[in-house]
Structures are given as structure tokens and as C-alpha cells.
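There are 4 protein chains.
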Amino acid sequence: MNSEERKLYDLAVKHLDTAYAPYSKFHVSAALLTESGKITTGVNIENAAYGSTICAERVAIFNYVNQGLTSDPIKCLLITGNTSRPISPCGSCRQVMAEFMQAGTKIILTNAKGDYKEATLADILPYYFTDGDLADGRNK
Amino acid sequence: MNSEERKLYDLAVKHLDTAYAPYSKFHVSAALLTESGKITTGVNIENAAYGSTICAERVAIFNYVNQGLTSDPIKCLLITGNTSRPISPCGSCRQVMAEFMQAGTKIILTNAKGDYKEATLADILPYYFTDGDLADGRNK
Amino acid sequence: MNSEERKLYDLAVKHLDTAYAPYSKFHVSAALLTESGKITTGVNIENAAYGSTICAERVAIFNYVNQGLTSDPIKCLLITGNTSRPISPCGSCRQVMAEFMQAGTKIILTNAKGDYKEATLADILPYYFTDGDLADGRNK
Amino acid sequence: MNSEERKLYDLAVKHLDTAYAPYSKFHVSAALLTESGKITTGVNIENAAYGSTICAERVAIFNYVNQGLTSDPIKCLLITGNTSRPISPCGSCRQVMAEFMQAGTKIILTNAKGDYKEATLADILPYYFTDGDLADGRNK
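Residue numbers (the UniProt record's numbering), protein chains in the order written: chain W, 1 to 140; chain L, 1 to 140; chain X, 1 to 140; chain A, 1 to 140.
Because the hints were derived from the structure by calculation, they are not lab data.
Ideal Cβ placement from N, Cα and C applies to all residues, glycine included.
Treat the hints with caution; some may be incorrect.
Claimed, not checked - Reference excerpt, derived from the structure (chain L facing chain W, CB under 7 Å, subset only):
{"hint": "1", "residue": "Thr-18"}
{"hint": "2", "residue": "Tyr-20"}
{"hint": "3", "residue": "Glu-35"}
{"hint": "4", "residue": "Val-43"}
{"hint": "5", "residue": "Asn-66"}
{"hint": "6", "residue": "Leu-69"}
{"hint": "7", "residue": "Asp-72"}
{"hint": "8", "residue": "Cys-76"}
{"hint": "9", "residue": "Val-96"}
{"hint": "10", "residue": "Gln-102"}
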């Protein structure tokens with residue numbers, strides 16, 4: 001990680017305590033950086049009805065959209081948690097990344113003890129489903 | 001609506017343009033007010049894989065949690081859209097409201113032309129599923 | 001419950017063991033009856049990524065659609081679990097009910113010790129969001 | 001594809017018409033084969049609240065679980081749609097696959113004009129999130 005990414009990492013680790021995870025006790029935090037230097041964050045937010053749970057990565061991306069930043073491309077998304085290996089984003093989060101990132105956008109998977117693994121969207125969601133697939137597969 | 005709610009309404013209507021709804025063209029916006037006067041917002045954010053779409057109400061609530069505000073109770077959640085009648089929140093959003101609101105928390109359903117309808121969580125999600133149900137129904 | 005509903009109940013209680021709930025240990029089961037007498041079932045199916053969990057009610061309704069039964073209206077949906085009070089369906093399940101049921105369709109909430117509570121879709125999801133709302137709220 | 005897979009393919013293509021996709025007009029169908037030769041199917045089922053939509057792949061897997069088949073491993077999951085290239089499963093479906101398949105389980109992506117692409121779960125969801133990650137990342 002470079003110094004900018006290290007800053008994102010420190011922010012994300014500090015933000016872990018904000019997670020709302022009374023059911024799993026599994027805290028996850030994410031920090032998103034745009035090309036122009038804007039930062040948004042996210043934590044996982046659980047629900048008694050487990051299926052209504054949302055992950056940290058998606059909260060960070062939703063904040064990015066909700067703040068009207070979509071014309072400022074995502075440069076990097078960093079994720080952290082108390083896992084042994086660098087944390088793995090769930091498939092649903094990878095799908096939301098696919099809507100707002102490019103194939104080569106950098107994703108940094110980390111854990112709270114400093115291990116990390118760098119990847120791109122295409123690395124973690126190969127052959128992903130896009131609006132182009134949706135458009136060409138509609139019944140005409 | 002009182003003057004505080006009117007301010008929320010104006011904010012929510014202005015925020016409608018930020019919605020990311022290329023698939024449905026249906027823009028929804030929400031604004032949440034806490035007891036101490038903090039405000040968070042949300043818009044709907046769609047996905048080429050429709051099931052990965054999120055609604056405005058949930059984005060506003062996720063922001064509330066992500067900003068570490070859960071000890072400051074939600075006073076009111078206001079929702080708006082370009083519907084003929086005051087907009088109706090989907091069932092999934094009502095479930096997320098149930099995790100972070102009280103039965104009597106005020107929800108104001110509006111549309112962009114000024115119609116509105118006031119309700120409480122218990123009005124729009126009677127007999128809702130809670131962490132208490134989850135706890136007492138687990139296999140022991 | 002009448003004898004037909006009692007049969008649905010017995011089926012649903014027996015089906016509780018099929019639930020896949022390693023994370024919550026909370027088993028839920030549902031049985032759906034159509035006007036012509038067809039029956040489909042469902043159980044909750046959890047996921048290590050909690051947000052990818054699905055509930056019993058939705059599995060029963062998805063089976064109804066997947067079996068090509070949508071021209072045969074839903075007469076009744078019965079739900080059961082090991083809760084103290086008759087089980088409460090989550091908001092997301094209520095939203096999926098709203099897509100395939102009428103306002104007056106009967107929903108029977110039960111628990112495994114025989115308590116039950118009868119309701120209609122409109123009772124448990126008042127003022128629900130429909131395709132009509134979606135159609136009239138699109139940007140033109 | 002071998003003859004067994006060809007049979008799955010024919011079944012899935014025929015089943016495309018059962019999809020409930022009034023909003024996207026995008027029909028998807030899936031067929032799942034177990035080691036012992038059992039078959040379950042799925043179609044996508046949309047909702048006026050787009051986020052409550054479910055995909056074909058998940059319906060096929062939910063049926064597999066709901067029918068009590070989890071001790072009979074999944075041998076293959078085949079997916080089809082009217083896309084130009086072999087259809088791509090969304091990230092959320094890949095996450096549900098990860099709960100019930102092995103890294104090497106075969107996934108056959110096809111389209112209705114006969115193109116296909118074979119993959120494994122690990123190919124399409126590298127470094128996936130599992131119950132092991134959940135267990136070791138919980139706060140102790």
C-alpha cells in the first residue's frame with residue numbers, strides 16, 4: 001500500500017467499531033477513494049431478518065452515489081475485518097462494485113492485523129454481469 | 001407537516017435528481033431526522049442485476065448507522081418520489097426501519113407535488129419481526 | 001383453521017427440519033395453497049454472508065412461480081416456526097407476497113405448538129408498494 | 001456438453017417462458033443436477049420493488065435445499081438466457097452457489113442459441129467468502 005492507501009486503511013480500521021453486528025459479531029469496514037480524493041466509508045449493518053443485512057462495501061458505495069459523486073470515478077475500495085486472512089467481499093458486494101467500478105479498479109482486501117491483498121474488480125468477479133448483458137438479453 | 005418537517009421535505013425533493021435509476025427511471029429520495037437534529041439522506045440505487053438494487057429509505061438509515069448515530073434516536077423519516085399518491089415504502093425498507101425505529105416513530109410519505117400522509121412504523125408494518133422473535137425461536 | 005388449513009399446518013411443521021439455518025438456528029417453514037388445490041413449500045436458507053439469506057415464505061412463493069402456477073391464484077399462505085407467538089413474516093417476504101397475492105389473500109401465522117393468527121396481506125402490509133406505483137412514478 | 005448436460009440445457013431453454021420478468025423483459029432459466037441424478041430448476045422472479053427480485057440460479061439452488069437434497073452434492077448448474085454471449089450469473093447468485101457447491105463444482109453458462117462456456121465456482125468467484133471466514137472474524 002502507498003501512503004494514500006495507508007490512510008484509507010487506518011480510517012477503515014478505526015471505523016470497525018461502528019459496525020452494527022449484534023447477530024454475527026462479525027465487524028467489517030470499508031473506505032472508498034475517488035480519483036479527485038474524496039472518501040466515503042461503510043460498515044456492515046445487520047437485521048434480525050438476516051436477509052435484510054447489508055455489508056460495509058455496499059454502504060461505502062451507496063454513500064458515494066448518494067453524495068452525487070458518480071462523475072468522479074472510484075480509484076480504490078479498501079475493506080477490512082478481524083479475519084485471519086485478508087477479508088473476502090461477498091458476491092453481492094462484488095455485483096454492486098461492478099455497477100460503479102471499471103474492470104481494472106483497485107480493491108484492497110486487508111485484515112485488522114495488517115495483512116493485505118490487492119486485486120481488481122475483474123480479478124474477483126470475472127466475466128461479470130453488466131447493463132450490456134441486460135440490454136441484449138431482453139425479449140424484443 | 002411542521003416547519004422542521006417541511007425543511008426535510010424540501011431537502012428530499014431537491015435530492016431526487018441524485019437517484020441512480022437507469023433501469024426503472026423511478027427516482028426516490030429520503031431524509032431522516034434524529035432527536036438531536038442530525039439529518040441523513042438517501043436515494044435509490046439500482047443495479048443491472050435488479051435484485052442488487054437498494055431503496056432510498058435504506059440508504060438514509062444505513063447512513064444514520066454508518067455515521068455512528070444510533071444512540072441518537074430517529075425522530076422522523078420522510079420519503080418522496082414522483083408518484084400520484086404519497087409514495088409507499090417497500091416491505092424490505094419497512095423491515096430495516098423496524099431494526100432502528102420504535103413502533104411509534106413517525107414516517108412521512110409524500111410526493112413531489114406536495115401530497116403527504118403521516119404514519120408510524122407500527123401503522124405500516126403491523127406485528128413486525130424483531131430480534132425478540134429471533135431469540136425466542138432459535139433451536140436450543 | 002379448517003381441515004384444509006390444518007393439513008397445510010401439519011405439512012409445514014413436519015418440513016421445519018429441512019430448514020438450512022446453521023447461523024441463526026432459527027428454523028422457519030411455509031406452505032402455500034392455490035385455489036385449485038396445489039401446494040408448494042418453503043424453508044429458510046441462510047448464507048455465511050447474512051444478506052444472501054432467504055426466508056421460507058419467499059421460497060414457497062418462488063416455487064409457486066417456478067412451477068408455472070401464476071394463473072392459479074394463491075388461496076392461502078401458512079407460516080410456522082418455534083416462536084412463542086405465531087411467527088411474524090419479515091418485511092421483504094411481505095413485499096414478495098404483494099407481487100403475487102391480492103389484498104384479501106389469507107395468511108396464517110402459526111407456531112409449532114399450535115397457536116395461530118389469521119390475517120390478510122393488507123392487514124400485514126398496509127398501503128403496499130405495487131407495479132402501479134412504479135408505473136406512475138417513472139420519469140417521463 | 002455431454003448428453004446429460006445437453007438434457008439439462010434443453011430443459012432450461014424450455015423453462016425460459018416460465019420466468020416472471022414484467023419489468024426487465026429479461027428471462028433467465030437454470031437447471032441443477034445432483035450427483036445421484038436429481039434435477040431442480042429455477043427462473044428469475046421480479047418485483048415492482050426491484051431489490052426484491054430473485055434470479056433463476058438462486059431459485060434452482062433454493063429448490064435443491066427445500067427438497068432436502070443437501071446430502072446429495074451438486075454436480076452441475078446450468079444457466080441460460082437470450083443473451084449474445086453465454087449468460088453471466090450475478091454476484092449474489094455466485095455467493096449462494098458458494099454456500100452449497102465446492103470450489104470445483106461445474107457451472108455451465110449458455111445462451112438460447114447454443115453457445116456455452118464451462119467454468120467452476122472458483123473460476124467465477126475467486127477467493128470467496130465462506131463460513132470459515134465468518135467464524136474466524138467474529139469478535140471474541
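Need the list of violated hint numbers for this structure, in ascending order. 3, 6, 7, 8, 10
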